[in-house]
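> The residues making up each chain are set out below.
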Amino acid sequence: MGKGRIAAIASIVLVLAMSLSMATVHGAAPSVPFIIVGDRLSGNESVALAGNVSNVEHLDVALEGRTVGSASAEPFVVWIDTTTFCDGEHNLSVSITYNGGVTQMFNTTVEVRNQNWGLGLVAFPLAALAAMMLLFTLAVGMARRKNGGEK
Amino acid sequence: MAIDFGSVHALTVELHGGFFALAFFAIVVAFICVMVLRFSKNPEGDSAKWFSKVGAYMDAAGLLAAISGVLLLIISAITGMLADPLNALMDEPLVLNKILLSLVALFIWGGLVFIRAVLGRKLWTFPWAALLYTIFAAVGFVLVLTVIALGFTLVDGGSVLDPLWNFFGIDLTEELAVTVEDGMALLVVSIILILASLGAAWKYRLGTKVVKSDPKESKWKVPKI
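Residue numbers (our numbering), protein chains in the order written: chain A, 2 to 152; chain B, 310 to 534.
Zero decoy hints are in this set.
Cut-off 25 Å, straight-line C-alpha distance, at most; resulting in silico cross-link-like pairs (DSS-like, lysine-lysine):
1) Lys-431(B) with Lys-350(B)
2) Lys-362(B) with Lys-350(B)
3) Lys-431(B) with Lys-512(B)
4) Lys-431(B) with Lys-358(B)
5) Lys-362(B) with Lys-431(B)
6) Lys-512(B) with Lys-147(A)
7) Lys-147(A) with Lys-431(B)
8) Lys-147(A) with Lys-350(B)
In silico negatives: residues of chain B with every beta carbon more than 12 Å from chain A:
9) Gly-315
10) Val-345
11) Leu-373
12) Leu-463
13) Val-464
14) Leu-473
15) Gly-478
16) Ile-479
By construction, these hints were calculated from the structure, which means they are not laboratory data. For glycine and all other residues, C-beta sits at the position ideal for the given N, C-alpha and C.
Throw the hints in and build the complete structure from the sequences for me.
Written out as C-alpha cells, the structure is:
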C-alpha cells in the first residue's frame, strides 16, 4: 500500500474520530429525532434536532433550569449564549413536544468553558512585565529629560 | 535509589521563599535609606554616610537574593512537576492558579533583576524608579507568599493566610483565567507596550553606561562596597 493511500485512510479515520468526539447524540431511536449537542460548550452553541422531525411541534432547551430558547419550526435549532453561565458542569434539559401534545424530556450534563487558563498563563505574566517596563522607562526617561538630556 | 521529588520540592520552595523574603526586606531597607538621604539636611554628616553605606549593602543583598530566588523558583517549578503527575492535577483550580501566579511572580522578579542590571546602582538615584522597584518587589513578594500558601492548601487543606483570604473574600478555588477575547487583547497590548518601552529605552539610551543619575533629586553618592 502506497504512502499516499495510508495517509488518506489515516486522515479519514482522524476526521471521523474528531467528528465523533465533538458531538454527542442523545435520545437516538429510529422513530424519534436525534438531539445534537456538544459535551463541552463555549461561546454561542447550538442544540439541534436531526433525523425524523416531521412529528415535532416544538423544541425547548433549558440550561441549569433556565430556559435558553425554543424552536417551533424546521430547522429545530436553539442557540445558547454560554457566556451568561459560569464555567463548570451544568444540566442541559431538552424538551421535545410532538404533534398531539406528547412531550419527551432529555437531560444530560454539559461542561461550559469560556475561560481560557492557557491564554491567561501567557497574558498575565506578559502584562505584568509590560507594566513594569513601561513604568520604569517613564520614570527614568522623565528624570533624564528633566536633567537636560545627557547623551 | 529513587529521589523523593516531593521533599526536594519542599526544600526548594523554602529556599526561594526565604530568598525572596530577604530580597524584599533588603530592597525596602535600601529604599528607606535612600529616602532618608533625600530629605537629610546634612548629606555629608556621619548618619548620612551610615545610611548611604547601609543602603548600598542592602541593594547588593537584595539583588543577589532576587537572582537566587528567581533561579530557585525555576527549580521549584521543575521539582514540583516531577513530584506530582501533572496530568492528574491539571483539573484542580488550586494547581492551575499556583502555576499561573508562580509564572507572574517569576516575570516580576525576573523583570526587577533585569531592570536593576540595566540601570545599575544608579537606579536608586531616581526617586520614582526606586519607588517602583520597591513596589514591584512588594507585589512579587506577595505573589510568592500566595503561591506558597496555595501549596500548603493543596497539601494540608489550609494555610496561615486563610484568615486573610476570608477577610478579602478571595476564593482560591476559583480558576484564574480569561476569555479568549480578553486574553488576546491583553496579550497584544502587553506586547505593544513591551516593544514601545524597549524602543524608548534604546532611543533615549537608558542603559547603565549612559544613564545620568539625578543629583538634584537624590543625595545618594552610590558608595563602593
